[in-house]
Amino acid sequence: MNDIVATLGLIGLSNGSVIALNAIALTLIYAAARTLNLAHGDVFALCSVMTMTILRAALWDVVATPLDLVVWCAIAGLATVVFGMLLSALIEALGFRPFRGGSRLAPIIATLGLSFALYQVSLIWAHALPTYSTGDHRSVPGLPEVPIVGVPAILPAIDVLHALGINSVGSFQLRDLVLIGVAVLVALAAQVMLKRTRIGRAIRACAQDPIAAQMVGVNHNGTIRAAFAIGGLLAGIGAFTFTVAKEMPVGSHGAESGLMAFTAAILGGIGNPIGALLASLLLGVFSAMTTYFLDAHWTPVFIYLLLVGLLMWRPTGLTAEDRGGDLNSISNEIVVLDRRSLLRRQPKLLLLVLLVALIAFPALAEAEPYRLPVANSFLIWIILTLGLTIVVGMSGVLDIGFAANFALGGYVSAYLTAPAMAWRAGFLPGIPDAVFVMALAALITGVVGVIRGLATSRMRADYLAISTLALGLVGHDLIKYLSGVGGISAIPAPRVLGQPIASPLAQYAILGVIVTVIVLAAIRLQNSRAGRALAAIREDEHAAAAFGVNIVTYKTAAFFIGSAIAGLAGGLYASVTSYVDPELAGFHISVMALAMACIGGAGSAAGAVIGALAILLIDRVAIPTVGRLVENSLYAGFSIRELNYLVFGMALYLSLLSWRRQASGVEGKADHEPWDPDQMLTVRWWTGLPGRLAGAFNHLGLSLAHAGHRTRAFLDRNVFDEGDGA
Amino acid sequence: MTLLLKADRVTKKFGGLTAVNRVDFEIEKGMIAGLIGPNGAGKTTFFNNITGLYTPTEGQIYFDGQVITGLKPHLIQKRGISRTFQNIRLFGQLSALENVLVGEHVRLHGSILEAFFRPPRVMAEEKMARERALDVLDFVGLGRKIADQAARNLPYGSQRRLEIARALASDPKLLLLDEPTAGMNPQEKRELTDLVRHVRDNMGVTVLLIEHDMKVVMGISDRVTVLDHGEKIAEGLPQVVQKNPQVIEAYLGTGAAAEGA
Ligand SMILES: Nc1ncnc2c1ncn2[C@@H]1O[C@H](COP(=O)(O)OP(=O)(O)O)[C@@H](O)[C@H]1O
Ligand SMILES: [Mg+2]
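In the order they appear, the protein sequences are chains A and B.
Count the first sequence with our numbering and you get residues 1 to 726, in order.
Count the second sequence with our numbering and you get residues 1001 to 1261, in order.
To be clear, the hints were calculated from the coordinates, so they are not data collected in a lab.
All of these numbers come straight from a predicted model, not from anything done at the bench.
Treat the hints with caution; some may be incorrect.
[Unchecked claim] Below, in silico cross-link-like pairs of lysine-lysine (DSBU-like), each with a Cα-Cα straight-line distance of 35 Å or less:
hint : chain 1 : residue 1 : chain 2 : residue 2
1    : A       : Lys480    : A       : Lys246
2    : B       : Lys1127   : A       : Lys195
3    : B       : Lys1145   : A       : Lys348
4    : B       : Lys1173   : A       : Lys348
5    : B       : Lys1189   : B       : Lys1072
6    : B       : Lys1078   : B       : Lys1243
7    : B       : Lys1029   : B       : Lys1078
8    : B       : Lys1145   : B       : Lys1243
9    : B       : Lys1243   : B       : Lys1013
[Stated by the list, open to error] Listed below are several chain B residues computed to face chain A (Cβ distance under 10 Å; list not exhaustive):
hint : residue
10   : Thr1051
11   : Gly1052
12   : Lys1072
13   : Leu1108
14   : His1109
[Claimed, not checked] These stretches of chain A come out as covered by chain B in the derived footprint (C-beta under 8 Å, 3 or more residues):
hint : stretch
15   : 496-502
16   : 517-525
17   : 531-543
Cβ atoms here follow ideal geometry from the backbone N, Cα and C, with glycine treated the same way.
Take the sequences, apply the hints, and build the full model.
Right, here's the structure in full:
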């Protein structure tokens, strides 16, 4: 038993160091930029591909002398570090600088877009390597596995404990020791840098109070740039060490796994490298324990809940200075959504056109019947987007885990109607009426949505983004492990008054009516007292409260309505496609829906419809068509279809860039701004002086996967075989 | 004259900093009262305590004879206190009209369900609300033409007026104005001063205003209160307060004396 604990502890420390290598960079970038960088994980990922490429090219299948090894490692290390710095600086230039002084959320969404685009780059790059195999790690949930290649073994396989003559405890390789050592060194170096150097002091000053920092002559832009470069440098060092130590790194990045690093950075105290290191090691050990004693599946759930709990505990900031006022609600930086003038002025005309198209479509599609089911899936997406529009666009609460609602609705519907669900035999004879099923799907999802929403709604914008992301992943995992990875199939078509509605045309008609009703309802909402109250909350929560708007009531209502609509979409999806699986809660669904809600100019129902249609047409029609045309011209094994990530990511990014003007200025509404020397930065200094951690989204799922893997493998070999284990 | 607002030893601390320190304050119905003091004196914080954005660390606030200390902002607004913000905080993407309509929020009754079903009662109310909002736009001198423009696109001076229009729309008993003339030229300042007087005279609204510009305060206020470092250092008729050595020192001490002289 002690052996197991000791072994788990050692594995945990090793994995924790990988977390630390990310968390330290996060802490620094976040401190300076004061908002999240969702693309940091991609820097790490691409850095590991860089190391991999060089080492493979130079050393694979060659008999290398020690001198060769040293020289090539130096070259690879240097190249990786420089590459990391450049890439990180590029992310700052694209994802942060254009939005400076604007909403804190803008960089989060912008880097989400960049992250998708960079993910594509890592895919293409890894494909271009001579050989690859698929890894067992996936980072952004829902994205396909990333091809990875191994690098030649460089560190000798030495069991440190053996070498020291300690045999009773498990195995502890030299590579683990190296990882831990590098993590400790990096933490110490970062600490010294912060405390003792000019740039470190500038970073700390900007973290504390950017305006005051500028007043005493700190170059704010320069400091942020430097922090990003340093973050990139650390990503380079981390990725290099990690690649050399593990020999089989993955070329992906990851929102899911990066949350680990974020959690560690928060636990350790913002802007505190040593704290980040210790917290990472703690999380590593904790993960190893839960992975062994419970199941690897549950580890992320615990970590994410821990993260959300931490953020809920201090919804306005985690450092002492953050807790300035006792405003009833703090964060109100929102995704600023431009209601495009056309939508604003001519919504009726536009809707009329859409309605005509909706009615005319079946006639046009008659010749090709397969088009109707596709159209039905479009309509379901539109319903989902309308739900999200009410939450994000109308009340201004960002949600990047919204798909959990969709999945929940789908599962409610599946549990009520699928033949495999024996449990209902006792009290629900036959297949319940679709009206009842859908109402229940909407109701349950709506209630869960309210709980989820209220738990997070007082958080500062960046925390809100992270928490909703984490909760979305928790939803995904819960569904997966409670209901089974395989999903539920053979869900019968909806039945109304005993009549099955099985033909695509009938389903199309019903979905069309539902969409129309929801759009009309949303438009009515928009032009009512309640709708104005929601819009006021979206624009400026404090000012809204000052004019008598009850924030909690209206937000609750928005969460309920929006989530219920998403639940309805899920319920409809289940019975129309007859199949649900946990991927309905996937991250990509959340982000797609978010993009749809935003691109059309969220906040308006017509915008949601147009945004959804635009993205669906690109994704489902334009790209496959172009793909078919150029497929053959590309080398084998690579499909243009995969460029989706790039197209999607860039679409998200560019649409955000075009709102930039709207976005800036939002934050300048603090009641207490001291003067602002050059209008460069308008921050509500009293809400949060923070450490906003550079949220990065790294590879840390890797450590989980490894923890799981290595724990099992080790224990299988050393413990269970000997029969003295559990 | 009846007492409208009374602050009883109101204190607000932020960590180690005491932004408002045991301030006693009273205002009678129908007055225009001025609140002055150098930057960082705690004036805005005092407003935030009254309007419920902050809860006082100590002390009580009474409005119309009832304790309002610690109530949520929307409940305080309901009782009849309305405000503008030092840094304009309009709902930027909403139209000018919609901004004023949000100001009317507490006077209207349409619920969320009624938004969907639109019963005639709510439609009638909505129509009246729009009429009234347009009237308020007229009243503050913005006119109806700008009703459909997004608030963020209005010129600065108009935005200040729109803030006042929004605040008036709830039909408040007490209007708190936080530096309404900040950033204006003398001509605009005069016009705004006239508007404030107009509000008091024609709408019967009591006004408490924070102002930096001594000329404005002196010209308009029935009584002036001076805060410095969170403490009330003087109170009385404008002409008297102006000559108070402590007040002059407070302003000189922060280099703002030029304005006060
Ligand atoms: N939320 C807050 N957290 C910390 N300090 C604050 C906060 N709000 C105001 N202060 C401080 O209180 C003091 C008074 O500020 P304020 O009321 O804005 O002054 P004024 O409006 O008179 O210029 C200032 O020193 C300011 O720094
Ligand atoms: Mg002020």
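Evaluated hints:
Simply put, lysine 480(A) and lysine 246(A) have alpha-carbon atoms about 29 Å apart, close enough for the 35 Å limit, and the pair holds. A C-alpha spacing of about 63 Å is found between lysine 1127(B) and lysine 195(A), which places the hinted pair above 35 Å, so the restraint is violated. Restraint check for lysine 1145(B) and lysine 348(A): the C-alpha separation of about 22 Å stays at or below 35 Å, so the hint holds. At most 35 Å may separate the alpha-carbon atoms for a hinted pair to count; lysine 1173(B) and lysine 348(A) exceed this at roughly 40 Å.
Distance restraint check for lysine 1189(B) and lysine 1072(B): the Cα-Cα separation of roughly 33 Å lies within the 35 Å cut-off, and the hinted pair is therefore satisfied. For a cut-off of 35 Å, the pair hint linking lysine 1078(B) to lysine 1243(B) is broken: about 39 Å separates their Cα positions. Distance hint between lysine 1029(B) and lysine 1078(B) is fulfilled; the C-alpha atoms sit about 18 Å from each other, no more than 35 Å. As the CA atoms of lysine 1145(B) and lysine 1243(B) are separated by approximately 45 Å, the hinted pair breaks the 35 Å bound.
Distance restraint check for lysine 1243(B) and lysine 1013(B): the Cα-Cα separation of roughly 30 Å lies within the 35 Å cut-off, and the hinted pair is therefore satisfied. Annotation: threonine 1051(B) was flagged as interfacial toward chain A, and the flag holds, the nearest CB pair being 6 Å apart, inside 10 Å. Of the supplied interface hints, the one on glycine 1052(B) holds, with its beta-carbon coming within about 8 Å of a beta-carbon of chain A, less than 10 Å. At its closest, the beta carbon of lysine 1072(B) sits 6 Å from a beta carbon of chain A; the interface hint therefore holds under the 10 Å criterion.
At a threshold of 10 Å, the smallest CB-CB gap from leucine 1108(B) to chain A is about 5 Å, leaving the interface hint in force. Taking 10 Å as the C-beta contact cut-off toward chain A, the hint placing histidine 1109(B) at the interface holds, the least distance being around 8 Å. With 0 residues having a Cβ less than 8 Å from any Cβ of chain B, the stretch 496-502 of chain A misses the three-residue criterion, and the hint is violated. Coverage of the stretch 517-525 of chain A by chain B holds [criterion: at least 3 residues with CB-CB distance below 8 Å; count 3].
Against chain B, the stretch 531-543 of chain A contributes 9 residues with a C-beta closer than 8 Å to a partner C-beta. That satisfies the three-residue criterion, and the hint holds.
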